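> Kindly produce the complete structure, drawing on both the sequences and the hints.
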Amino acid sequence: MKIYEELISRGLIAQVTDEKEIRELVNDGNATFYIGFDPTADSLHVGHFVALCLMKRLQMAGNKPVVLLGGGTGYIGDPSGRTDLRSMMTPETIQHNCDCFKNQIEKFIELDEDKAIMVNNIDWLLDLNYVELLREVGSHFSINNMLRAECYKQRMEKGLSFLELNYMIMQSFDFYHLFINHGCNMQFGGDDQWSNMLGGRELIRRKLGKNSYAMTNTLLMNSEGSKMGKTAKGAVWLDPNKTSPFEFYQYWRNINDADVLKCIRMLTFLPLDQINEMSKWEGSQLNEAKEILAFELTKLVHSEEKAKDAKSSSHSLFITGTDDSNMPSTEISKNQLVHGVINVIELMVECKLTTSKSEARRVIQQGGLSINDIKVDSVDLCISSLALEKGIKIRKGKKKYHKAFMI
RNA sequence: GGUGGGAUUCCCGAGUGGCUAAAGGGAACAGACUGUAAAUCUGUCGGCUCCGCCUUCGAUGGUUCGAAUCCAUCUCCCACCA
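Under the numbering used here, the residue at position 141 of the first sequence is numbered 141, and the numbers go up by one with no gaps.
Please keep in mind that the hints were generated in silico from the structure rather than gathered at the bench.
All values reported here derive from a predicted model rather than from experimental measurement.
Every residue gets a Cβ at the ideal spot worked out from N, C-alpha and C, and that includes glycine.
Any given hint might turn out to be false.
Here are the simulated distance ranges between beta carbons [unchecked claim]:
| hint | residue 1 | residue 2 | range |
| --- | --- | --- | --- |
| 1 | Gly283 | Glu304 | 27 to 33 Å |
| 2 | Glu305 | Leu111 | 20 to 26 Å |
| 3 | Leu126 | Gln285 | 50 to 56 Å |
| 4 | Asp127 | Gly62 | 33 to 39 Å |
| 5 | Asn276 | Leu111 | 31 to 37 Å |
| 6 | Glu110 | Lys352 | 36 to 42 Å |
| 7 | Asn254 | Glu24 | 37 to 43 Å |
| 8 | Met88 | Asn145 | 37 to 43 Å |
| 9 | Gly340 | Ile374 | 39 to 45 Å |
| 10 | Arg148 | Ser312 | 29 to 35 Å |
Shown next, in the form of C-alpha cells:
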C-alpha cells in the first residue's frame with residue numbers, strides 16, 4: 001500500500017484539490033509541502049500533533065516537508081473556527097512561542113537541508129510594503145469570494161475585523177513565497193484551513209500561471225462533534241511541563257468508546273492490519289484498545305520509557321491500588337505547619353487539588369477525599385508532620401491522585 | 001457621522017427597588033451504577049474564621065431605610081442607516 005492510500009485508509013485526508021495528481025505526487029515522493037504552525041501558545045497541542053504525524057508519514061515516503069512557523073501570521077491571528085477575536089500577542093510572546101515550537105518540532109521531524117526545512121514567515125511578511133502588496137496581491141482577491149468562505153461566514157454575525165480579514169491574504173502569500181523560493185508545490189493543513197489554502201493556490205495560479213496543490217487533514221473530533229484534545233483545564237499539551245506524560249496517557253486512556261479506534265487509526269503508526277483486527281473488539285475489551293492508544297501516543301510524544309512509566313503508574317493506581325512514585329506530588333515545608341500539623345483543607349489547596357478552601361470542604365463533605373486509602377470524614381482532620389515525612393497519598397474523586405511529603 | 005440595543009456569577013441566559021449569592025441550561029466537581037467508557041440518577045457549583053459573616057451583576061458617583069434593578073457621567077460592544 002502506498003502512502004496516499006494509507007492516509008486515506010487511516011481517515012486522515014479530508015479534502016484535496018486534485019486527487020489524481022496529488023496521489024501521484026506524494027506516492028512518488030515528489031511533493032515539497034508545507035504546513036504552517038501559528039505560535040498561539042508556548043507549546044504545541046494534540047491538534048498540531050495530527051499535522052506533525054502527517055508530515056512524518058509523508059517524509060518517510062520521500063516527500064520533503066517545509067515546516068512554517070507563523071511568526072508573522074501570529075501578528076494577525078487566524079479567525080478560522082473562532083467565534084471571537086483572538087487576543088493580540090506581543091512580539092516578545094510570539095518570538096518566545098516560536099522558539100518553543102521549534103524545539104518541539106525538531107524532536108519529531110528530521111530537519112536537514114535535503115529532508116526537511118524550517119522557515120518563519122516573519123522573515124518575509126514583516127517587511128511587506130502596504131501599497132505594493134495591495135497592488136500585487138490584493139488585486140487578486142475578491143472580497144465577494146472571501147466573504148463566502150466558511151471561515152469568514154461564521155464571523156459575519158459576530159463581527160470580523162479588517163485585521164482578521166487579511167489573514168487569508170497573508171497565508172496565501174506564504175504559499176506563493178514558498179512556491180517561488182523553495183519549490184513548495186503543496187500545502188497541507190487542518191481542514192479548517194481549506195479556504196485559506198485555496199487562496200494561496202489561486203494566487204499562485206493568477207500570478208504565475210502555475211498549478212499547485214492543497215490537501216487537508218481531518219480534524220480530530222470526538223463522537224459528539226467537538227474538537228478533541230481539550231480538557232477542562234485547557235488543551236492537552238505536548239510539553240511535558242504543561243501536560244505530564246502521565247496526564248497525557250490518562251487523557252487517551254479515558255477516551256470515549258466510540259472514538260478509540262478512530263484515534264488509533266489516525267494517530268498511531270500501528271499497521272492497518274492490526275488496527276482492523278482491533279476494530280472487532282467490543283464492550284470492556286475496548287479498555288485494552290484504550291491502553292494501546294495511550295501507550296503508543298505517549299511513546300511517540302514523549303518516549304518509550306515515559307510511556308512505560310505512565311502505563312505502570314496507571315495500572316498500580318487503578319488496578320492494584322498500590323502507591324507509585326510517578327504521581328504528581330507537592331512538597332510541604334515545615335513553616336506551613338501549625339503546631340506540627342496541617343489541616344486537610346489547607347493541604348488540598350496547597351496541592352492545588354482544589355482552588356479554594358470552600359471547594360475542598362465540599363469535596364470532603366461529599367465523601368470525595370481519601371488519604372492513604374482511608375476516607376476523610378471530617379473537615380477538621382489534621383495531618384501530622386510525622387505522616388508527611390513518610391509521604392501521604394491523597395485521592396480526590398475517582399481519578400485524581402496526589403502525593404504530599406515533607407523532607 | 002446618525003439612530004436604536006446591550007454589558008449579570010466559568011459560558012449561554014433570566015431578573016427591572018426588598019422574598020436575590022441572583023431562575024433556567026451548559027460546563028465543571030463529588031456520590032451511586034460501571035469497564036479508569038458512555039448514558040442515567042443524586043448532590044454541589046462566589047469567598048471565608050461556614051448553623052454566621054464578607055464581596056459580586058461593565059466603571060465611578062448619586063437617590064433611597066434598602067439597588068443587579070432608579071438617576072448622572074464614563075468605558076467597551078452590537079445592529080441598522082450613511
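> Now tell me, hint by hint, if it's right for this structure.
For each hint, the structure was consulted:
Between glycine 283 and glutamate 304 the Cβ separation comes to about 29 Å, which falls inside the hinted range of 27 to 33 Å. Taken as a hint, the range 20 to 26 Å holds for the pair glutamate 305 and leucine 111, whose Cβ atoms sit roughly 24 Å apart. For the pair leucine 126 and glutamine 285, the beta carbons lie near 54 Å from each other, so the given range of 50 to 56 Å is met. Checked against the hint of 33 to 39 Å, the C-beta distance between aspartate 127 and glycine 62 comes to roughly 34 Å, which is consistent with it.
As the Cβ distance of asparagine 276 to leucine 111 is approximately 34 Å, the hint placing it in 31 to 37 Å holds. Evaluation of the 36 to 42 Å hint for glutamate 110 and lysine 352 yields a pass: the beta carbon distance comes to about 38 Å. Look at asparagine 254 against glutamate 24: about 41 Å separates their beta carbons, and that is inside 37 to 43 Å. Between methionine 88 and asparagine 145 the CB atoms are about 27 Å apart, so this pair departs from the stated range of 37 to 43 Å.
Separated by about 20 Å at the C-beta atoms, glycine 340 and isoleucine 374 break the suggested range of 39 to 45 Å. For the pair arginine 148 and serine 312, the supplied restraint of 29 to 35 Å is violated, since their beta-carbon distance comes to about 53 Å.
Hint check: violations occur at hints 8, 9 and 10; the rest are consistent with the structure.
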